[in-house]
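Engineer: In order, the protein sequence lines correspond to chains A and B.
According to full-length UniProt numbering, the residues represented by the first sequence are 1 to 198, in order.
According to full-length UniProt numbering, the residues represented by the second sequence are 1 to 425, in order.
Rather than coming from a laboratory, the hints here were simulated on the basis of the structure.
Careful, some of the hints might be misleading.
What the hints assert, rightly or not - For lysine-lysine, the following DSS-like pairs were computed, each having C-alpha atoms within a straight-line distance of at most 27 angstroms: (1) B:Lys413 <-> B:Lys390; (2) B:Lys195 <-> A:Lys3; (3) B:Lys413 <-> A:Lys135; (4) A:Lys61 <-> B:Lys206.
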Amino acid sequence: MVKLYAILVLYKGVNSGTLLKSAYDLQSFSFFQRSSVQEFMMFVSKTMVERTQQASRQSFKEGEYMLHVYVRADNLAGVLISDHEYPNRVAHTLITKILDEFTAAVPASSWPTANETTVDFPILPQHLTRYQNPKEADALTKIQSELDETKIILHDTIKAVLERGEKLDDMVAKSESLTMHSKLFYKTARKTNSCCNF
Amino acid sequence: MPLFFRYAFDIVPAEENFRNKSPVLHLFNCLGLESWCVKHVYMYCYSELMDKYFAKPKRKALKPSSVNCERITKLLNLTLLINPELTSLWNKRREMVLKSFLEKTKELQFTKLVLSRKPKCNDAFSYRRWILEAMFKGESLQSNVINSLITEELLICELASDKSPNNYHSWNHRMWLVNKLKSVKNFDLHFLYIKEYEFSERWTSKHVSDYSCFHYRQFCIKNIFSINPDQWQTFENTVNCNLRKSFVKILSDNFPNDVTIQASKDDLLTYSEENLVNLLLCYTNKNCSCAVEHVQVCRKLEVLFHELVLNIELLRFYKFHETMWYHRRFIVHEVMSIMYDHFGVARQNGVLVKNNCGVCSMDELRQKQAKIVRYDSNRIYSCVLFNILKNIETKFIEERQRDDDNYACRHEKYLRFVEGLNNVM
Numbered sequence: 001m002v003k004l005y006a007i008l009v010l011y012k013g014v015n016s017g018t019l020l021k022s023a024y025d026l027q028s029f030s031f032f033q034r035s036s037v038q039e040f041m042m043f044v045s046k047t048m049v050e051r052t053q054q055a056s057r058q059s060f061k062e063g064e065y066m067l068h069v070y071v072r073a074d075n076l077a078g079v080l081i082s083d084h085e086y087p088n089r090v091a092h093t094l095i096t097k098i099l100d101e102f103t104a105a106v107p108a109s110s111w112p113t114a115n116e117t118t119v120d121f122p123i124l125p126q127h128l129t130r131y132q133n134p135k136e137a138d139a140l141t142k143i144q145s146e147l148d149e150t151k152i153i154l155h156d157t158i159k160a161v162l163e164r165g166e167k168l169d170d171m172v173a174k175s176e177s178l179t180m181h182s183k184l185f186y187k188t189a190r191k192t193n194s195c196c197n198f
Numbered sequence: 001m002p003l004f005f006r007y008a009f010d011i012v013p014a015e016e017n018f019r020n021k022s023p024v025l026h027l028f029n030c031l032g033l034e035s036w037c038v039k040h041v042y043m044y045c046y047s048e049l050m051d052k053y054f055a056k057p058k059r060k061a062l063k064p065s066s067v068n069c070e071r072i073t074k075l076l077n078l079t080l081l082i083n084p085e086l087t088s089l090w091n092k093r094r095e096m097v098l099k100s101f102l103e104k105t106k107e108l109q110f111t112k113l114v115l116s117r118k119p120k121c122n123d124a125f126s127y128r129r130w131i132l133e134a135m136f137k138g139e140s141l142q143s144n145v146i147n148s149l150i151t152e153e154l155l156i157c158e159l160a161s162d163k164s165p166n167n168y169h170s171w172n173h174r175m176w177l178v179n180k181l182k183s184v185k186n187f188d189l190h191f192l193y194i195k196e197y198e199f200s201e202r203w204t205s206k207h208v209s210d211y212s213c214f215h216y217r218q219f220c221i222k223n224i225f226s227i228n229p230d231q232w233q234t235f236e237n238t239v240n241c242n243l244r245k246s247f248v249k250i251l252s253d254n255f256p257n258d259v260t261i262q263a264s265k266d267d268l269l270t271y272s273e274e275n276l277v278n279l280l281l282c283y284t285n286k287n288c289s290c291a292v293e294h295v296q297v298c299r300k301l302e303v304l305f306h307e308l309v310l311n312i313e314l315l316r317f318y319k320f321h322e323t324m325w326y327h328r329r330f331i332v333h334e335v336m337s338i339m340y341d342h343f344g345v346a347r348q349n350g351v352l353v354k355n356n357c358g359v360c361s362m363d364e365l366r367q368k369q370a371k372i373v374r375y376d377s378n379r380i381y382s383c384v385l386f387n388i389l390k391n392i393e394t395k396f397i398e399e400r401q402r403d404d405d406n407y408a409c410r411h412e413k414y415l416r417f418v419e420g421l422n423n424v425m
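With the hints as extra help, turn the sequences into a complete structure.
Structural biologist: Structure, rendered in structure tokens:
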């Protein structure tokens, strides 16, 4: 399946990332799980932005999802969550394009203090629907591949960027941004994935 | 109706009942059950059912009757929603449908709910098939009823295939439906063939590593081979592509150099089907006098080469997906078998043998499966169509290999050793 689940724009602060704008397509998840899945995508995106160097691109495989992260030199970051079939190159081009548009629409001085409600950038949901078909972005890719030489670092799992001894499970348990419900959801999802789930 | 409002059932994770509230949630047509109560509810329903209503060696079971059928239904509903992989319970439902304690349309709704949570549940699909079979057989249905049943069924398959990739059961169910409709009256099957062809084209281009949907695509292609000649125009309009034009384009781009016929793309467009087939396949050495169906052969080739073009585009764009390479094998195999068919031969156990004409049985007295001499096979492999196909494949394999696609090399091996082209490639 070629699918985009979410696009998020974040700001990488000194210690933590803040969310500036996001859009989700969660129709393929069961109705009762959607809010938890959304919270989770937010949480993981934030964590990964915090763990990505400035001016670098990374892609992570996690289960059946791919997480593409790009943090620019000016600390603006974009995250795109897709499945494995979505071409990496296209995903990163798309992030670049979105961040450029964001810079044009929202003044850089407001980034460090802004949050989702104060930022006026309504175009994300449109992008999310339009670029479900990666061929739409293909024309962009062709121009971009000559311009952009930043290497995409590909990781097989999120664990690759966690510090030694650190575990995603512990981070989830400690996190304050996740509700009880979502933590429980994470735990059960772990459990069902660990045995063979037909 | 947007997906948001579809009926669905799910179990919602909740560790304990700390709020002293009902565990049943109901939001926007979606039914949820909190996970803490699942164990208790399931144990109760299951053992109640098994103890009272299923036969044990020493004890007779209660038969479903008008008195207890409501209770059995409730127990069955819950148990099957939580755990749909229980064939005996589905059989109990069948028994109750036969005795008219359960209504067929309601049953279709119930299985839909089950599939919303477990899109790969084969028991639910086979139960649907059983119900539909009875509905199609029983009364002579009005065509609008049939149409709404089919629309619903296709929608359910689509949802299930979307929810879980490589869903063999949902694609198999879809195939069963199309095959089943062959025997149903009041129904335009060819139109469905065309619609499904178009649908599968869209679906495969978005699900590039879903092998089950590619299998369905192959099924659709074969169905298109059998549509009425007068519906060809409808077909071309639906797929919105001039098949002849794209066929001629790929042909003229890949003409072998040493061929004496020099035909430009514009020339080829003016050719009739018969001329085109004669050009591509030269002559036929069938042993009987059956007429060659030029139009038919030409259209099959158009469809297959259209598929080849699509496959090339997808492989270039998405790269490194095994499924699409396997689909390519299918396309090549089909083209080859059209060619062999035209020359009246077949490949059996790796060698070419003479094939009896399926239409007339003139050849029966001759020795069966006579081996083909080298001279004949050379003539087959020197036809224009084969050389074009060979050019396309070698060029494409080289191109993909430059892109580090390991599957390209495997595709070449397939052509050499499975299709048996080692000597001619």
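Engineer: Hint by hint, say whether it matches the structure.
Structural biologist: Results of checking the hints against the structure:
Under the criterion of a C-alpha separation no larger than 27 angstroms, the hint pairing lysine 413 (chain B) with lysine 390 (chain B) is consistent with the structure, at around 13 angstroms. The hinted pair formed by lysine 195 (chain B) and lysine 3 (chain A) meets the criterion: a straight-line CA distance of about 24 angstroms does not exceed 27 angstroms. For the hint pairing lysine 413 (chain B) with lysine 135 (chain A), the CA-to-CA distance comes to about 31 angstroms; that exceeds 27 angstroms, so the pair is violated. For the given pair, lysine 61 (chain A) sits about 20 angstroms from lysine 206 (chain B) by alpha-carbon distance, which is consistent with the 27 angstroms threshold.
Hint 3 alone, counting from the list given before, is not met by this structure.
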